[in-house]
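Chains as they are written, first to last, in my numbering: chain A, 1 to 77; chain B, 1 to 157.
Source of the hints: derived by calculation from the structure; they are not laboratory data.
Please read these numbers as outputs of a predicted model, since none were measured by experiment.
Some clues are possibly wrong.
25 Å max Cα-Cα, derived SDA-like pairs, lysine to any residue [as the list claims (entries may be wrong)]:
| hint | chain 1 | residue 1 | chain 2 | residue 2 |
| --- | --- | --- | --- | --- |
| 1 | A | Lys53 | B | Glu112 |
| 2 | B | Lys70 | A | Val5 |
| 3 | A | Lys53 | B | Arg73 |
| 4 | B | Lys70 | A | Arg14 |
Computed spacing ranges between beta-carbons, pair by pair [to be verified]:
| hint | chain 1 | residue 1 | chain 2 | residue 2 | range |
| --- | --- | --- | --- | --- | --- |
| 5 | B | Ala106 | A | Asp32 | 39 to 45 Å |
| 6 | B | Val13 | A | Arg65 | 29 to 35 Å |
| 7 | B | Asp17 | A | Val18 | 45 to 51 Å |
| 8 | A | Gln64 | B | Asp121 | 29 to 35 Å |
C-beta: ideal position from N, C-alpha, C; glycine also.
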Amino acid sequence: MQFQVEQNTFESQRSDLVAQHSGSYAVVDGQDLVGVYPTLSDATRGGLQTLRKPSFFVGHITPQRTRVVLNGMTGLL
Amino acid sequence: MSFEGDLAQTDGVPLVDVTIDIQSFYRSYLETENGGAMGIALPVPVRGRALIDTGASMSCVCFPIAEQLKLMRIGAVTFRGVEGARTPNRSAEQAPIFGAMMQIPALGWRNEVRLVGVQPDPNHIAILGRDILSAFRLEYNGPTQTLRLSARTLQRA
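Construct all of the structure, not just a fragment, from the sequences and the given hints.
See the structure below:
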């Protein structure tokens, strides 16, 4: 799965991130936390400026993964 | 501002016009020398109809549109069948998450959003889920065959 390494990195740091930056967005590249930003727009802008590529992981810093329901299917974001 | 649709013209399917584009900073970045080195041509915003789906927790974009716009990929989600749903035997499906700028011209609404990539549909280019619809009041009036989408107004005490 694309971004599996980044998802694992994000999950391993989720509790710490929630404690300090709940509601913000984190940009993760591989096993590195690139930065934490207050909004989605700031995160995608910051990730692009730092990583200089149009594909990178952005995680929403919430206590639990967000449940996504779509067309009779469910997943975790 | 509000949008009023004639459901009789869409077989009762709630649709609204939207414009999908890359984020303004991404467009600016692509126009720079560094962006040009990525070899990505500047895409043209795509306007089309979006399906209003209160059953979807997250909004979506059809793959051909995401590919045409070269939308940024900012995540992924693995879907599995919902227990008891009509499609219990569907295997897990992976879908990318795209970052995009979406506009609903009739409502003067414009925001950066996360969109799940979904299979194309001939009747719409995107799906408006509850993540976006939560900003609006939606009225589906079956007897009068009208659809009304308007900016949510705060209740005053």
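For each hint, the structure was consulted:
1. Lys53(A) to Glu112(B): With a Cα-Cα distance of about 18 Å, the restraint between Lys53(A) and Glu112(B) holds, given a limit of 25 Å.
2. Lys70(B) to Val5(A): Holds. Lys70(B) to Val5(A) sits at ~23 Å (cutoff 25 Å).
3. Lys53(A) to Arg73(B): 10 Å, holds
4. Lys70(B) to Arg14(A): Outside the cut-off at roughly 29 Å; violated.
5. Ala106(B) to Asp32(A): 39 to 45 Å: 42 Å, holds
6. Val13(B) to Arg65(A): 29 to 35 Å: Holds, at about 32 Å.
7. Asp17(B) to Val18(A): 45 to 51 Å: 38 Å, violated
8. Gln64(A) to Asp121(B): 29 to 35 Å: 31 Å, holds
In terms of the numbered hints stated before, the structure departs from hints 4, 7, listed from lowest to highest.
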